[in-house]
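Peer 1: Could you build the full structure based on these sequences and the hints that come with them?
Protein chains in written order, with the working numbering: chain A, 440 to 776; chain B, 440 to 776; chain C, 440 to 776; chain D, 440 to 776.
Hint data in this document are derived by calculation from the structure and do not stem from the laboratory.
Incorrect hints may appear among the rest.
A pair counts as met if it fits within one copy or between any two copies, since identical chains are not told apart.
For lysine-lysine, the following DSS-like pairs were computed, each having C-alpha atoms within a straight-line distance of at most 30 Å [to be verified]:
| # | residue 1 | residue 2 |
| --- | --- | --- |
| 1 | K587 | K526 |
| 2 | K634 | K773 |
| 3 | K717 | K766 |
| 4 | K634 | K744 |
| 5 | K499 | K634 |
| 6 | K763 | K773 |
| 7 | K499 | K599 |
| 8 | K773 | K599 |
| 9 | K526 | K562 |
| 10 | K562 | K634 |
| 11 | K717 | K773 |
Number of protein chains: 4
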Amino acid sequence: MLIVMRQNASEEEISAVVSAIEELGFDARPIPGSNRTAIGTIGNTGPVDDTAIRGLSGIKEIIHVTKPYKLASRDFHPQDSLVRVDKTTFGGNEFPIIAGPCSVESEEQIESCAEFLSSRGIKLLRGGAFKPRTSPYAFQGLGLEGLKLLKNAGRNHGMKVVTEAMDMITLDDVVEYTDIIQIGARNMQNYPLLKMVGQASKPVLLKRGLSATLDELLLSAEYILNEGNQNVILCERGVRTFDTHSRNTLDITAIPVLKEKSHLPVIIDPSHSSGDRKRVIPLSKAAIAVGAHGIMVEVHPTPAKAKSDGAQTLDFTQFDLLIKELKMLANVLKVTL
Amino acid sequence: MLIVMRQNASEEEISAVVSAIEELGFDARPIPGSNRTAIGTIGNTGPVDDTAIRGLSGIKEIIHVTKPYKLASRDFHPQDSLVRVDKTTFGGNEFPIIAGPCSVESEEQIESCAEFLSSRGIKLLRGGAFKPRTSPYAFQGLGLEGLKLLKNAGRNHGMKVVTEAMDMITLDDVVEYTDIIQIGARNMQNYPLLKMVGQASKPVLLKRGLSATLDELLLSAEYILNEGNQNVILCERGVRTFDTHSRNTLDITAIPVLKEKSHLPVIIDPSHSSGDRKRVIPLSKAAIAVGAHGIMVEVHPTPAKAKSDGAQTLDFTQFDLLIKELKMLANVLKVTL
Amino acid sequence: MLIVMRQNASEEEISAVVSAIEELGFDARPIPGSNRTAIGTIGNTGPVDDTAIRGLSGIKEIIHVTKPYKLASRDFHPQDSLVRVDKTTFGGNEFPIIAGPCSVESEEQIESCAEFLSSRGIKLLRGGAFKPRTSPYAFQGLGLEGLKLLKNAGRNHGMKVVTEAMDMITLDDVVEYTDIIQIGARNMQNYPLLKMVGQASKPVLLKRGLSATLDELLLSAEYILNEGNQNVILCERGVRTFDTHSRNTLDITAIPVLKEKSHLPVIIDPSHSSGDRKRVIPLSKAAIAVGAHGIMVEVHPTPAKAKSDGAQTLDFTQFDLLIKELKMLANVLKVTL
Amino acid sequence: MLIVMRQNASEEEISAVVSAIEELGFDARPIPGSNRTAIGTIGNTGPVDDTAIRGLSGIKEIIHVTKPYKLASRDFHPQDSLVRVDKTTFGGNEFPIIAGPCSVESEEQIESCAEFLSSRGIKLLRGGAFKPRTSPYAFQGLGLEGLKLLKNAGRNHGMKVVTEAMDMITLDDVVEYTDIIQIGARNMQNYPLLKMVGQASKPVLLKRGLSATLDELLLSAEYILNEGNQNVILCERGVRTFDTHSRNTLDITAIPVLKEKSHLPVIIDPSHSSGDRKRVIPLSKAAIAVGAHGIMVEVHPTPAKAKSDGAQTLDFTQFDLLIKELKMLANVLKVTL
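Peer 2: Have a look at this one:
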């Protein structure tokens with residue numbers, strides 16, 4: 440059970456609710472958010488009789504939670520959430536494509552990508568400036584300079600931009616320059632960072648961790664939602680299994696399951712899941728057919744020279760083929776590319 | 440390196456090849472098949488200079504294997520294999536649907552399924568007679584009686600039938616009554632059974648094991664092909680991972696990878712992979728979009744009363760919806776449903 | 440609920456029990472074994488009131504099953520089962536070591552192993568005659584000839600022997616020549632084979648499948664026990680995970696869990712789990728410390744020349760070191776090596 | 440290839456090395472650390488002929504890397520590293536036990552633990568102050584207050600303390616109050632945090648991520664070592680697999696493999712891997728037998744009332760039994776408890 444207090448609830452009102460819960464034999468846990476306090480009830484194994492609580496003052500809502508997450512749950516929010524970024528909407532009948540290089544490498548490279556992609560009607564440009572790399576000796580991104588190059592490329596070509604926030608200290612810069620804050624798979628359970636992006640003013644693209652269950656993904660979304668940021672887009676990008684024929688195993692079943700459990704939009708990243716550009720087109724077609732709310736794909740003018748993830752990156756010709764194939768499917772699936 | 444001997448190669452010819460291989464410092468391993476002998480070369484870590492062997496008599500072909508399997512490999516057989524079952528072809532631009540109940544339960548049940556499915560243009564009827572069940576106390580199938588009921592239902596409604604062979608002793612009965620022999624996931628590495636179906640006169644539907652790599656799946660196909668049966672259809676049906684939101688994790692990336700590695704047709708089983716009928720339609724749409732050569736789905740007049748796998752089984756209304764959705768996609772994907 | 444009928448129960452008595460169950464609204468499933476019939480109750484989701492059944496004739500026992508398996512469960516058989524093979528006992532305070540080559544390769548090889556091992560007090564000799572190999576081109580074992588060589592080597596050196604049964608057709612030969620029938624990981628869910636070894640007169644060493652849960656392993660044991668063979672030894676040999684630093688991931692926690700769930704003895708195979716002889720000694724030490732009832736290790740006079748699994752096989756010097764290290768631990772752990 | 444520059448190497452010297460690498464046709468990547476610059480060579484697939492580089496000025500060392508990590512590798516540092524914390528040494532022939540509650544909950548609780556544990560000769564007290572919790576509604580720890588209570592309890596009872604650092608902002612507090620900084624499994628790939636603890640003055644206990652390979656664990660250690668902090672202790676705490684009989688699957692084989700690959704000490708956490716206090720004693724015995732350099736176990740005066748992880752926590756009586764059993768083994772294994 441979760442008791443959501445009004446925004447202006449006083450300390451006394453909160454204390455009274457806590458006492459009432461404790462008298463029922465449970466543990467009460469006030470959860471201060473940036474806008475309001477919620478009070479969780481811990482220790483009950485089944486539904487709680489809330490008669491003794493309902494009448495207290497300062498309460499906005501009593502929610503009988505049947506899942507470990509609440510704000511992310513469709514029980515709590517039956518209709519689909521729409522996340523709007525300028526002219527693009529995630530979660531409705533559009534199928535947005537986020538495209539761009541793994542890393543921003545130079546002005547020339549990112550401008551070239553933006554020019555090409557915008558000419559194909561793509562509205563969202565991705566590019567990493569702060570890169571989480573398994574090896575300390577691998578290219579770590581251009582940092583703030585990369586953010587600026589990305590932002591400029593977007594502005595020059597009428598695109599909004601997506602980039603990854605890696606830590607609490609550089610988050611402010613990311614928020615300033617980006618339109619969508621990406622949280623990468625390795626940071627899906629970096630809770631302090633999730634709380635901070637929960638207080639940010641930009642939508643969040645939350646990637647599923649390498650071995651995260653869907654409930655864990657939704658609990659991570661809950662961290663963000665609970666701080667007041669309702670614009671969360673989920674991203675399935677493959678999980679780690681015994682299999683080695685693809686870099687990760689794309690869990691395509693996650694899409695209908697997440698759409699049932701949650702109201703949040705969910706997209707697929709066919710580049711990171713497969714690790715192989717030859718798989719990007721078939722997996723993107725599967726993504727649109729299974730009902731995903733979009734895809735994020737890596738594109739580079741010359742993938743062979745990319746400083747990271749070249750093997751999974753499309754060149755411009757391949758990207759054109761991808762769009763052509765998706766358009767045919769979008770048409771019969773009644774979604775707008 | 441694999442030396443394939445002519446069918447009528449003599450023992451002396453085989454011995455001469457073995458000696459030549461051994462003189463090169465490798466181990467020679469004659470592999471007697473039902474029709475011919477092949478001689479494997481073991482111990483080489485790279486390509487072998489075959490000069491000393493090429494001139495020997497009785498040799499049909501020398502194959503320099505770069506993968507652990509050969510007959511199943513596209514290197515060896517570049518064009519797509521077509522597996523024909525009456526009016527249906529797997530591996531070309533058809534998208535055959537195999538449908539029917541998990542188990543044959545009664546004459547009424549299987550006739551009802553066949554009548555319905557044939558009225559929808561479905562040409563292949565599935566139904567289990569010998570059931571591999573995790574528990575010895577679970578319904579084990581009707582056995583020979585089930586085979587007869589399935590065959591009759593097929594004949595009465597102009598359908599060909601698919602059923603599982605579970606062991607070497609009942610295989611003869613299965614071969615007599617079925618049109619496609621299914622090898623289930625638990626038997627994917629039952630090599631004596633694979634060898635026996637390799638000598639059978641019916642096509643084989645080989646399901647991927649619960650934790651089999653694609654190379655292991657293709658090596659199991661190799662056991663069948665190596666005995667002379669070239670009509671093998673592969674089936675992706677989900678693998679076991681940490682995740683629990685579906686019964687198994689459908690590895691959809693396996694489809695493009697298998698199509699690249701092998702010439703054999705490959706279909707998807709969305710019922711067993713998900714274990715939940717609500718996922719069957721979205722996963723079937725993903726299957727046709729990703730390029731699978733067909734699907735196998737479970738259908739039952741009243742799934743709630745099915746003796747096995749009811750939760751993942753469609754009823755007739757849901758099946759009609761599935762067909763309607765697939766038809767739209769088939770149209771733009773240029774495949775024939 | 441499971442109703443175990445007396446051995447001489449008549450068809451009428453069985454029918455009466457079936458009717459009584461059906462009148463309670465459940466499905467009754469007679470499960471004929473070779474010695475007796477049991478009747479499973481299907482469809483109840485909780486405990487069943489057995490008042491209407493208890494008084495019927497022909498019933499030996501009514502068992503209220505709370506786990507999917509019964510005969511393998513400690514609920515049903517609280518004390519540890521002891522499996523005796525000549526002078527060796529599994530399941531008590533001995534720590535038997537089964538040792539020998541992966542495959543029987545020649546008389547010289549297996550005699551040499553037996554001579555060495557018996558001189559070290561080892562009483563159980565392993566050696567494969569029928570080998571399940573992932574590739575059809577790999578060494579498949581010496582077959583019947585291998586069985587005879589193994590048996591002879593055992594007899595010549597006062598050892599009992601362990602070898603794998605791969606299929607229903609060669610099982611009779613295996614049973615004739617071996618003292619313990621091994622069921623390999625790939626056949627853990629080959630139910631027809633399990634039923635046949637359940638009717639055999641020799642103890643069974645049942646290896647856990649590559650991705651089998653412990654409940655699935657115990658259900659496979661249940662197939663054997665249910666046919667009347669009570670001498671089942673379980674074997675943990677590693678499971679398949681994302682990790683590649685060992686061939687399989689040894690699930691050492693399975694030992695205390697299986698000992699809690701079941702009364703059956705459970706041993707560890709450090710050779711197959713690791714796939715690397717350098718790990719055999721530390722893992723064997725972990726096995727004895729964690730409370731396993733024994734180990735099975737691969738030993739060969741010259742591992743580098745072994746026809747299978749050489750990388751994980753100890754030579755005689757390494758085996759001596761293994762014994763020396765285990766003896767020290769056995770002493771303080773109060774188990775007899 | 441990695442070129443380590445002297446501490447005082449000039450920009451010109453660094454540029455000269457970069458140019459020399461580029462002339463060889465490779466990509467040069469300067470990696471500025473806090474103390475020195477290293478230059479990685481990217482793009483070579485095999486060993487590089489370093490003749491043209493060796494003579495340049497400002498170079499401290501040229502390292503031909505054969506593994507993705509270097510500083511963590513035994514190739515680079517053949518002898519075992521010893522990590523000393525007051526009177527305790529990790530990595531030698533001691534078997535240190537880190538013990539204490541999952542979370543610091545109150546002064547009474549942590550003092551009670553410290554009193555008990557110090558009376559048993561335990562020298563290292565653990566306790567979480569900042570807790571990474573899957574749910575935003577779960578107990579998040581006492582924060583700074585918890586750090587102070589832990590430090591005091593340690594001081595009062597002559598123990599050193601271990602606690603987790605969760606983020607870059609609270610790291611300073613953690614470093615001030617703790618003697619060993621724990622990096623939890625969820626943060627194993629939080630690279631900005633790893634870099635910061637790499638510059639801290641306290642030893643680091645680095646836990647393996649839920650689905651991290653051993654190479655990824657060692658690359659995370661490399662991030663810390665590369666910043667100058669050589670006192671890293673690795674911790675195996677179970678990985679996520681398909682199995683559910685334990686919370687995570689303890690990968691005991693990781694111990695001998697890590698000891699071969701790396702010079703760093705490696706301990707086991709039997710509490711988090713199993714999630715069940717009944718497994719802690721057998722797994723701890725396996726840990727000492729397999730050659731781990733210590734364990735970390737959860738202990739609480741009344742586990743049933745613990746605010747987190749109660750199910751896997753020992754009470755004082757159980758802890759005494761653990762110590763008794765480990766002492767017997769330590770004696771024959773020649774390690775000091």
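Peer 1: State for each hint whether it applies.
Peer 2: Tested hints:
Taking the shortest alpha-carbon separations for K587 and K526, only the intra-copy value of 22 Å comes in at or below 30 Å, while the best inter-copy value is 51 Å. Proximity of K634 to K773 under the C-alpha cut-off of 30 Å is found in neither arrangement, the shortest distances being 36 Å within a copy and 48 Å between copies. With identical chains, the CA atoms of K717 and K766 are at most 30 Å apart both within one copy (19 Å) and between copies (26 Å). For a Cα distance limit of 30 Å, the shortest separation of K634 from K744 across copies, 28 Å, qualifies, whereas the shortest one inside one copy, 37 Å, does not.
Taking the shortest alpha-carbon separations for K499 and K634, only the intra-copy value of 22 Å comes in at or below 30 Å, while the best inter-copy value is 43 Å. Proximity of K763 to K773 under the C-alpha cut-off of 30 Å is found in both arrangements, the shortest distances being 16 Å within a copy and 14 Å between copies. For the identical chains of this complex, K499 and K599 are neighbours neither inside a copy (36 Å) nor across copies (46 Å), given an alpha-carbon limit of 30 Å. Taking the closest pair of Cα atoms, K773 and K599 come within 30 Å of each other only inside a single copy of the chain (25 Å); across copies the shortest separation is 35 Å, beyond that limit.
Taking the shortest Cα distances, K526 and K562 sit within 30 Å of each other inside one copy (8 Å), while across copies they are farther apart (47 Å). Within a single copy, K562 and K634 get their C-alpha atoms as close as 28 Å, which meets the 30 Å cut-off; across copies the closest is 36 Å, which misses it. Proximity of K717 and K773 under a CA criterion of 30 Å is satisfied in both settings, with 26 Å inside one chain copy and 21 Å between copies.
Checked against the numbered hints given earlier, this structure breaks hints 2 and 7; the rest are met.
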